[in-house]
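Q: Read off the chains here:
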Amino acid sequence: MIGKVEVKPLPKVDLPPLRQVGRPLRRVDALGKAVGSTVYAADFSMPNMLHAKVLRSPVPSGRIVGLNVDRARSIPGVACVLTARDLPGAKLSTDMPGQTGRKERAGSAAPVLARDVVRFQGEPIALVAAEMEEIAEEAIGAIELEMEETPGVFDPEEALKPGAPKVYGDDNVVARWKIRKGDVEKGMAEADLIVENTFRMPFVEHAYLEPEAGVAWVDDQGVINIRVCTQVVEHFRSVAKALGIPQNKVRIRGTMVGGGFGGKEDVTVEIFLALLARETGRPVKLVYTREESFVAQSKRHPFVITHRTGVKRDGRITAAKIDMIADSGAYPYLTPYVLLYATAMATGPYRIENVSVDSVAAATNQPFTSAFRGFGGPQAALAYEQQMDEIAKAVGLDPLTVRRANYLRRGDETATGQRIASEVWLEETVTRAIAGLGEPTPSSKTRKVGRGFASYFQSYGRITWFHDTSRAWVGLELDGTATIRCGVPDIGAGQANSLCQIASELLGVPLERVTVYATDSAVTPLAGTSTATRQLYMSGHAVHKAASAVRKNLLDRAAVHFGVGPDAVDLADGRAFVKGDESRSIGLDELASPCAADGIPLSTLALFTAPFTDGIDPETGQGDIWPDFTFGAQAVEVAVDIETGQVEVLKSVACHDVGRAINPAAVRGQIIGGSHQGLGYALMEEYIVKDGITQTPSLAEYLVPTSCDFPATEAIILESGSGVGPFGAKGIGEPALTPAAPAVANAVADAIGIRIHEVPITPERVLAAMKRGARWRG
Amino acid sequence: MTLPKFELHRPESLDEALDILASSPGAVPIAGGTALIVDMRGRRLSPPVLVDIGLIDRLSGVRIEGGEVVIGAATTIAEIKESDLIAQHSPLLSEACGLFASPSVRNRATIGGNIAYASPAADTAPPLLALDASVELASASGRRTVPIDRFFLGVRRTERRDDELITAIRFPIPAEGTEGRFRKLGLRRADAISVVSAAVSIGPPADGGRRVRIALGAVAPTPIRARRAEEALSAGPIDEGAILAAAEAAASEASPVSDLRGSDWYRREAIRALVRRLLRPVVEGRSDG
Ligand SMILES: Cc1cc2nc3c(=O)[nH]c(=O)nc-3n(C[C@H](O)[C@H](O)[C@H](O)COP(=O)(O)OP(=O)(O)OC[C@H]3O[C@@H](n4cnc5c(N)ncnc54)[C@H](O)[C@@H]3O)c2cc1C
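These protein sequence lines are chains B and P, in that order. Our numbering applies: residue 1 is where the first sequence begins, and numbers increase by one. Our numbering applies: residue 1001 is where the second sequence begins, and numbers increase by one.
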């Protein structure tokens, strides 16, 4: 069991004093959610609206030999039935997410509807729109679909063998990445010991509260409007492309999203709705059931990761050779980038001079895999953090000592040669997480208590060669209220609120007097995707920039009013005032009038651009990939029932350096929620697929943790102020999940003395491992 | 997804309900709907007529009647969990109801529905088997009472005819000094179908030995009594040896399947652990142990 740790005081940080940012203010979206007045995508209806349903393939690999929709079309109340024959060549780009100008890779498009070949269970085949949901369902049942099953491939390793059924390209290879740094052979030769382990992770379902939903209609200008819950309003471009219409004829009006976690980063219902609305000229609504949501959308990638690590007796790592295989499922979607994340973060937050990583993602006839909170980072962390504990065991040192001997420091380079410019508070976070566990809970004869922890690093902001940008418009109204227009989708993490708090800070307008218009592709300036832990960083900056410009105009005009220099004026509580003499003040509403009269702009549109880089070297993987990284740690205490194999999480403490917490209550929410999701990843979540057919088709079989399952994780928020986000913020959305699962895996191994190399660590796996362990020990 | 079409009746008297069941082919009772609606939504069942029994006063509540505890079939799991009478006379049933599903489901699910549905994993079944409960059935043509260990016939199959309603579950008030406990092993803390469940009820020492009941859930096509395990404890001292023998017997009496929730191997291991754990404290608290 990990012993007591000494927690050193934090390095001194000079955080500028702020009035609104940094306070746990009540989020602008809180009340609506608490009282149930927030309107989600499935809540909308329109006059004359039709209801849509999707016919999906029952088999994971097959040919469509017959598809007759005549009977379905003739059912009274059916307005429209569409198959691939009605939309020649309509494709959905699967790896050009968001607004970047990058070209997609050849072949990385999925048919909108399958025409001849079906590659996964649930692949869409036909669309129906009808007067009532019941009629649409009946019509789906009346479609005569004849399929001939063809041999499929259900394992990525099998898929890479010569002669395997072809799912993608000539060889089923969806992506490969390589890292070559230093000299691994030399590093291994210098090692006192070589530790090798293979770790496995399953498919995981996002299981957001809100299944995919939307309503589409064609407006009086001929624009197809789609009201939908999405992480990416820029998909209006993908919709336009699939329909073969101009991009300015599609408008996505995003709604408040009931959870995304990456599952609403790809197109969901948008194209289906657009096709049906165009075809019928009527509003159409499509809401997935939970069961449909399971088969229709992506999963977290299963990975098999093998670490071979050369290590000195004192714990220093001399070389790391890592192999990764990921299951891409039937289509690429974001697999190439998820694999890149896992590859580039494969070594963990450690300084290793000699590194070789080879990764490959193969296509199979399984559910397609794509973005999921952490984007390959959590899989990488499950492997590297368990490996660190195994290294510690092999060299006979405690796990913290081994990590300390290898932790990255500020200014060090990652495995891809990216220099880390921000603070690297690995020591600061890990000691606080461990110390937070307090006194150990005693074990009993049948209940073994163990402790484990994990450190991690996780990027925030998109891949820098995507040349990411965000825009925001900020304006002061004549009554002194403020308005933000920014295309950011709020997926429940408080994205919109953070922007409001930033504008509130800079304009001196109280938070409740700030209104944000978000997530509309036509009228809110495009802000890019709510993914990759990028919105605070990107759109936070855009709002900062726009609000700062307005602020400057206000200060200048106020200075004239007071007859002082602009530096002598400040804004707060809805007023401009002379610093140090707040009796000389003027309401922002009063200040707005002379500004308007003088033609001083009280609004600005600002563009923020992330650092732009070129791609990494394909042979060595060397180069910059992300704007920056978040660092942190989580420690847990578990009790393992050695007779039933059940694992109970007794305590959980996470400590992250978030740079600057714009709203600490929101940050805490992200940490607790992300941790809960990660604990579920460790202990129960597994989307089981057998020969391409899901065995966990509903929430009755697919288990996500309930509020009763784990204690709330204690969140320790550190602020180094060193991030590249506004006010020195880093990102926490994805990082919050990353360390939870490896911490649990290490705690279980600590409790029972045996490592279980795969998640979820189910009671049965624990018991089986203990039986095997007992046999080996004789 | 929508529900299949059905006609809904909401009778306010038992007789009316029984008449509808007798006269409408394919009519099916609905109580909490926590099992039936799930099946209808998944199109595994499409009953043309539903008879909601929730408005029939007589069918809910817990009472004592002639030395027996009587639980109306439409009593919710939450009501049973909160019932003082149940806590006093059959704490193992209170325990089972406390571990059942989650608070929201417990507020709707009924004990009659749990028994009628006849899932091998029904959580009230092992306690009721351990309590020697019987199931009261009524139809337009008469009434009958079936001991619960003869009520379950197979997975989702019972003694109940389609025109019959379960009106109550009843069991004799256990003798003074009877100890009973229930445990379930699920894959999470709430809304988890039992991977294995077990109930024990052990009476005070008596002349011809003691009354021992050990019942198991989710380890056979129906909830079962582990009779050989019971025998291992009914005579002689209940010591660690006897407990281990009973646990072993229970595991061998089970015929579990392997499914998503656990393999047959794991289920047998879990039975051993559960039975041992249920017995030890029962014994420790007593002088004859
Ligand atoms: C999320 C969730 C969690 C669950 N967890 C558990 C659990 O932990 N343990 C467990 O045992 N079960 C669990 N269940 C299953 C279900 O809740 C129980 O079986 C419940 O007791 C069913 O009761 P009900 O009143 O809802 O029955 P209904 O759904 O109304 O009916 C079920 C069946 O019983 C019949 N029926 C109902 N009442 C009568 C009657 N009086 N006479 C004759 N027939 C009748 C109906 O016709 C139907 O066939 C869970 C279900 C869900 C949805």
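None of these hints come from the bench; they were simulated from the model. Be careful, since some hints might not be right.
Below, a list of computed lysine to aspartate or glutamate pairs in the DMTMM-like style, where the Cα atoms sit at most 25 Å apart [claimed, not checked]: (1) B:161 <-> B:764; (2) B:771 <-> P:1259; (3) P:1005 <-> B:292.
FRET-style restraints, in silico, Cβ to Cβ [claimed, not checked]: (4) B:246 <-> P:1008: 43 to 53 Å; (5) P:1257 <-> B:314: 51 to 61 Å; (6) P:1004 <-> B:446: 45 to 55 Å; (7) B:71 <-> P:1004: 50 to 60 Å; (8) P:1026 <-> B:698: 24 to 34 Å; (9) P:1207 <-> B:438: 52 to 62 Å; (10) B:116 <-> P:1102: 24 to 34 Å; (11) P:1102 <-> B:38: 23 to 33 Å.
Backbone N, C-alpha and C define an ideal beta-carbon position, used for all residues, glycine too.
Q: If you test the structure against every hint from before, which numbers come out violated?
A: Violated hints (numbers, rising): 1, 7, 10; every other hint is consistent with the structure.
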